[in-house]
Amino acid sequence: MDNTLSSTLIWMVIIGMGLTNFAFRFTPLAILSRMDMPEPIMRWLSFIPISVMGALFAKTILLPSLEYVGEVPLFANPGIWGGIGAMIMFRLTKSFMISSVFGVVVYVLLRFMLGM
Amino acid sequence: MVCAAARLRATILPMSKSTIDTTLPAHEVIAAPVHDGTSADFSRGMKLGMPIFLGYLPVGTAFGILANQYGFSLLAALVCSGTALAGAGQFIALATLAAGGNAVTALIACAVVNLRYVLFSATLSPYVSSIRLGPLSWIAYTLTDESFAINTADMRSGKCSARSMAGVGLIAYIGWLLGTALGWMFGTWIGDPTRFGIDFAMAAMFSALFVALAENTKQVLCGILAGTLVCGLWFASRAGVAIDQNWFIIIASLAAATIALFIFKDDASAPVTSAQDAEIVLTEEEDRG
Numbered sequence: 000m001d002n003t004l005s006s007t008l009i010w011m012v013i014i015g016m017g018l019t020n021f022a023f024r025f026t027p028l029a030i031l032s033r034m035d036m037p038e039p040i041m042r043w044l045s046f047i048p049i050s051v052m053g054a055l056f057a058k059t060i061l062l063p064s065l066e067y068v069g070e071v072p073l074f075a076n077p078g079i080w081g082g083i084g085a086m087i088m089f090r091l092t093k094s095f096m097i098s099s100v101f102g103v104v105v106y107v108l109l110r111f112m113l114g115m
Numbered sequence: 000m001v002c003a004a005a006r007l008r009a010t011i012l013p014m015s016k017s018t019i020d021t022t023l024p025a026h027e028v029i030a031a032p033v034h035d036g037t038s039a040d041f042s043r044g045m046k047l048g049m050p051i052f053l054g055y056l057p058v059g060t061a062f063g064i065l066a067n068q069y070g071f072s073l074l075a076a077l078v079c080s081g082t083a084l085a086g087a088g089q090f091i092a093l094a095t096l097a098a099g100g101n102a103v104t105a106l107i108a109c110a111v112v113n114l115r116y117v118l119f120s121a122t123l124s125p126y127v128s129s130i131r132l133g134p135l136s137w138i139a140y141t142l143t144d145e146s147f148a149i150n151t152a153d154m155r156s157g158k159c160s161a162r163s164m165a166g167v168g169l170i171a172y173i174g175w176l177l178g179t180a181l182g183w184m185f186g187t188w189i190g191d192p193t194r195f196g197i198d199f200a201m202a203a204m205f206s207a208l209f210v211a212l213a214e215n216t217k218q219v220l221c222g223i224l225a226g227t228l229v230c231g232l233w234f235a236s237r238a239g240v241a242i243d244q245n246w247f248i249i250i251a252s253l254a255a256a257t258i259a260l261f262i263f264k265d266d267a268s269a270p271v272t273s274a275q276d277a278e279i280v281l282t283e284e285e286d287r288g
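Same order as they appear, the protein sequences are chains A and B. Note that numbering that gives the first Met the number 0 has the first sequence beginning at 0, numbered continuously upward. Note that numbering that gives the first Met the number 0 has the second sequence beginning at 0, numbered continuously upward.
So that you can see chain B by itself, here it is in the shape it has in the complex (with noise of 0.2 Å):
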């Protein structure tokens, strides 16, 4: 017994020795994992990351003004840039400690902001289990709010790759450690850039890629019944209620995702990858059992 609510199905037409059966259940099929790609998804992926490196540039240099100014030797702030790579976190921690904080709650501090990652490496774990453990990990270490979306929004076109994810992550970095050594170096003579709205960068970007990810109905109305969430937070901690602006995101998202999986049964709408040059077509298609 089918349900006769549409279903999206997905199409492969074959391109090469590409096999993947379309009879599986949906989810099977999106669950693809990627492939390692070559060269030229490296390259690929470091054109895709571009938009972050322009966003994280701008607060990378706030960043290192920031450190600079709490007593950060160059290398300490490099070197806490290049291993924590975590915009707010990095901040809520410098922050913690200017308020006479000390190690530990600093670094609960910055835990709280960062539990997310646990959330977004969860929800790309299906797709990489073709990934060696030595990539694997510098796609980890660059996953950020930023390089999740995009990658994510990228296995929809079925090009994704292991190879274009670390050229996203790369380009991230470095725009993250650059933007960190100018703030640290110049930053008493160019200001904090983002007084520019230069760094409006990063929220563009999420527009743009809401716009990528909404690609049928059910996740057009999660995504706003996620946003519609956080608004509620917000208005929530503003008439009193104790929820720190650091937890609206990963409580949104939780919130969200469990209300659609309960409302939306038959969805199998998650990003597609194709295992290799298969080039996939997304019908939406009226199921009559």
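Pulled out of the complex, with its shape left as it was, chain A reads as follows (with noise of 0.2 Å):
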């Protein structure tokens, strides 16, 4: 099956795409910079980036060990036990880099004792 798209369609979708995005990006950042905010919103603000990290860690670590509930067992999970160590590391180091690595290293060695 031939995959390939018209040149005119992708270039219409990298253009619009990135003007989506930086409009997305940049807007609410110089607009509301140059305001001062009432204080519930900054409140309500103050808890958005311990959400999206809750949110994120339940998407990429979480979502994907609950499509295997059933098959296999939740501590047998790769992804937990890597997300679990990168937490310790972060905990002892301080380190995003380190912290990373090491949960690489244990998400990539117990798939591969499990055979995943």
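No wet-lab data here; the hints were simulated from the structure. Note that the structure is predicted; figures quoted are calculated from it, not measured. C-beta atoms are modelled at their ideal positions from N, C-alpha and C, and glycine is treated no differently. Be a bit skeptical, because a hint or two may be false.
Mimicking BS3-like on lysine-lysine, the simulated pairs with C-alpha atoms at most 27 Å apart in a straight line are [said to hold, decoys possible]: (1) B:LYS46 with A:LYS93; (2) B:LYS158 with A:LYS93; (3) B:LYS46 with B:LYS158.
Computed, partial: chain B to chain A, Cβ under 7 Å [as the list claims (entries may be wrong)]: (4) THR82; (5) ALA105; (6) PHE205; (7) LEU212; (8) TRP233.
Which stretches of chain B does chain A cover? Using the computed rule of at least three CB atoms under 8 Å from a CB of chain A, they are [stated by the list, open to error]: (9) 72–80; (10) 87–100; (11) 109–119; (12) 148–161; (13) 164–174; (14) 189–197.
With the hints in hand, could you dock these two chains into one complex?
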């Protein structure tokens, strides 16, 4: 099957994507940073980073595990152990680099050992 | 009348000319804008962003391989990665086109996935009020899940600056573009590198970042709530509720932060940034009114 797309279509999408993404990223940063935001909004925003991280953790680590519920026990899941390993490593070293690499090593080794 | 809830208070140990008034309401201290920083801060940012580089390299490669298969020229693949800088968004756009969608449906699909950038951008906005629009546009341009995560965590250290954020952005950008180029050029030989699981670097980094941001009980509970909501949404979508996976992050984050706002009255635990070289020590203190 030929997957090839037309070059016009490709460039239209590239340009459109570049413009929307920049608008999404730049507009709030540029406009809101020049305004005084009311206290409740600031408090609300203070909860966003941890919420995003909790959500990303669930999406990248828990959801792939949930796919296998019933087939593979949760404790035998490389993703969960890789995540826990990275968390412990961060507590010990305070380095994102060391903890990410450690998490990957745990994940890749476990996957290899479990033959996944 | 002050309620007896534990309140997080920023105690500033003056190291230089820094004079942040500690009697200000906590949120005002916390929203102190980041400073410009020095060139040393720029390289510090690049170092800080190295895990992003590691994670983007294999995922960028995967994108390069796909782009090549779908008839993108090398130039088109690089311009696409270099202007969109949107992992999931780019894959979705590609998948929509591959499934026979037109440009409009591909762009809408991509925009839906990337709507979370609006939220990230708004969240960072109180901290960048002193940054000029030029550097600010680079920080915005390189705003992704990962750079947002690293920068918000870094703000807690009080060392985050415009230049360190620019450095984080640059190293991430290089990783994404380099990956795209490698995938496009050598994809047929090396194959998809994500099959070895090295793209787990992103997931591992999010785990570490969760710990970095989890500085008090309220924040931890809020994060766990968001994670639980994502799992709940997943079960709901499995059970037939029509919610696309790409909405999970934004729905869960907005809902968790809103619930936390109403449950936890007196919170002040946003990333702390100082305008000057102040060392900020956070102390949990019981407010007895």
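For this session: Output the numbers, in ascending order, of every earlier hint that fails for this structure.
Result: As far as the earlier hints go, only 13 is violated by this structure.
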